[in-house]
Amino acid sequence: MFESSLRQQGDALRAKKISSVELTQLYLDRIAALNPRLNAFITLNQDMSLAQAHKADARLASGQGDLLTGIPIAQKDIFCAKGWLTTCGSKMLHNFVSPYDAHIISQFNNAGAVNLGKTNMDEFAMGSSNETSHYGTVKNPWDTSRVPGGSSGGSAATVAARLCAAATGTDTGGSIRQPAALCGISGLKPTYGLVSRYGMIAFASSLDQAGPMARSAEDLALLLNTMVGFDERDSTSLQREVEDYACNLNKPLSGLRIGLPKEFFADGLDNDVAQAVETAIAEYKNLGATIIDITLPNSRLSVPVYYVLAPAEASSNLSRFDGVRYGYRAPEYTDLADMYEKSRSQGFGEEVKRRIMIGTYVLSHGYYDAYYLQAQKIRRLIAQDFTEAYKHCDVIMGPTSPSTAFKLGEKGDDPVQMYLSDIYTIAVNLAGLPGMSIPCGFGENNMPVGLQIIGNYFDEARMLNVAHQYQLATDWHNRVPQGLQGNE
Amino acid sequence: MSLTTQDVTKVARLARLAMNEAEIEAARSQLSGIFELIAEMQAVDTKGIEPMSHAQDVSQRLRVDKVSESNQREAFQAIAPQVENGLYLVPKVIE
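Sequence lines, in order, name chains A and B. The first sequence begins at 1 in the working numbering and counts up by one. The second sequence begins at 1 in the working numbering and counts up by one.
Some clues are possibly wrong.
If you only want the chain A side, here are some residues facing chain B, beta carbon under 10 Å, derived [as the list claims (entries may be wrong)]: (1) Tyr100; (2) Ser315; (3) Leu318; (4) Asp322; (5) Arg325; (6) Asp338; (7) Lys342; (8) Glu350; (9) Arg354; (10) Gly359; (11) Val362; (12) Ser364; (13) Asp414; (14) Tyr457.
Below, a sample of chain A positions facing chain B; criterion: calculated Cβ distance under 8 Å [unchecked claim]: (15) Tyr307; (16) Tyr333; (17) Val416.
DMTMM-like mimics (lysine to aspartate or glutamate), calculated; alpha carbons at most 20 Å apart, straight line [what the hints assert, rightly or not]: (18) A:Lys251 with A:Asp394; (19) B:Lys10 with A:Asp322; (20) B:Lys66 with A:Glu232; (21) A:Lys91 with A:Glu351; (22) A:Lys91 with B:Glu23; (23) A:Lys377 with B:Asp45; (24) B:Lys10 with A:Asp338; (25) A:Lys251 with A:Asp459; (26) A:Lys391 with A:Asp459; (27) A:Lys377 with B:Glu50; (28) A:Lys82 with B:Glu69; (29) A:Lys55 with A:Asp11; (30) A:Lys16 with A:Glu3.
Treat the hints as calculated values from the structure; they're not laboratory data. Don't be surprised by glycine CBs; every beta carbon is placed ideally from N, CA and C.
Same shape as in the complex, but just chain A:
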């Protein structure tokens, strides 16, 4: 049962072939047995999960079961969930038991889903390897000497290891797509504004977006249907008509125009990744798609632009952590300023402090125009490149990440090398477009490769169709890491 899709699990629950309590216990047992080697969870709370499962079973018994009712879903520890420890991967929030639910947590609760636990992540979602978590590094299920990617590395690892059928993630510069690629699962970052940010701990507010992570595009569609929706508590939440993201899954792909940006296949891309992506593109030709060469000339500037804008917004967002109303407070201090400084220095990790410093610098007097304003102007040029490209194609494809999962500690001392691992994903956040990653083969050392699919604004239904048709023709998404197939 732990290998079945969300739809199969939902059908089994509604047909009373299995109860939610049984399904939840099955996953909790699997987590107890296998998570110690992966460290994919920060918090598990068997009592709270099973209480939700009991409620789901009562709802199913009364015939009121919805598509996700009774299904356990792992939640990234960036989402506030009432009564759950919510750390965001930081010592700063080591004791923060949330007094309220994030919007998406309420949506899952309303659907009757079970919160299976809070997944490990890079501290405040700042990282591409999960090595910045205060709660220890997550290991990649395909090779535990390698990183799972980040920042949603715990969610990616837990889905890849079949410790849950689905998880949530957030993506500010690639934090859903890159770990999905490195762990061999499917993940989708929706159009900015589609999913409410209420109760999702803020990193860079103009870029942050939550999305689903699962094994297949079909499962992602089901999750996305539950996660989206207007929420007045998020000032950037968009008011749109309700859409069924699963409605186009079965459309054939004949006539689909796929744009390949030449910048995504240039220097810096590893051969094994290039090969797997090219093979996937060939498969799309078999499925009836046409390939169009396109160019995104300003995308090369996306990393520098991002490392001005995201830290600037982060330095502002993270100024709220001062040791007064919640979170970590230093044990000793002399006065108020000393209390702020010591609490923040001891509560934040190195990468978070580094980004706060960059942000504070670029926003400081005399530097604002040269950095922040210049970055915002180039952000528009990057977005305009995509608008131009979509005049000629329906979706854009390329690699999600320039390499497969690297070794733990390999990029630890060099922040710039780490930042460059998000080179193909960041432009999508800057433009606010939807992007996804699906497994498309294996590279050196048998590590998974992700194919990135970038859509036009609000084109998630088409992207999921494009991904689903590929997954009907291939079986990469059904591969399970060695040693995790059974209940050993």
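Fit chain B to the supplied structure of chain A, relying on the hints for placement.
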């Protein structure tokens, strides 16, 4: 671009981060590397380009100015580092 020790000390103070000399020096060298990466965007001609602050061109929604949240003082103060009689305690700031 190379940052000076004074630059880093000033930024640390503005960001309310306590740092000792060794930490300042480590931050200086790492931040200099990052600003080298960032410098790549300085050469781009952006004359006449409107800055982009958000992905969607929509205006900020307004709401009626009325109370929408219920009082949850006890729940919120239960997770505070130090409270007394419903107040958050911090070190004395006025003599």
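Evaluated hints:
no.	hint	in the structure
1	Tyr100	holds (8 Å)
2	Ser315	holds (6 Å)
3	Leu318	holds (9 Å)
4	Asp322	holds (7 Å)
5	Arg325	holds (5 Å)
6	Asp338	holds (8 Å)
7	Lys342	holds (5 Å)
8	Glu350	holds (9 Å)
9	Arg354	holds (6 Å)
10	Gly359	holds (8 Å)
11	Val362	holds (8 Å)
12	Ser364	holds (6 Å)
13	Asp414	holds (8 Å)
14	Tyr457	holds (8 Å)
15	Tyr307	holds (6 Å)
16	Tyr333	holds (7 Å)
17	Val416	holds (5 Å)
18	A:Lys251 with A:Asp394	holds (14 Å)
19	B:Lys10 with A:Asp322	holds (19 Å)
20	B:Lys66 with A:Glu232	holds (14 Å)
21	A:Lys91 with A:Glu351	holds (13 Å)
22	A:Lys91 with B:Glu23	holds (19 Å)
23	A:Lys377 with B:Asp45	holds (10 Å)
24	B:Lys10 with A:Asp338	holds (16 Å)
25	A:Lys251 with A:Asp459	holds (14 Å)
26	A:Lys391 with A:Asp459	holds (14 Å)
27	A:Lys377 with B:Glu50	holds (6 Å)
28	A:Lys82 with B:Glu69	holds (16 Å)
29	A:Lys55 with A:Asp11	holds (18 Å)
30	A:Lys16 with A:Glu3	holds (18 Å)
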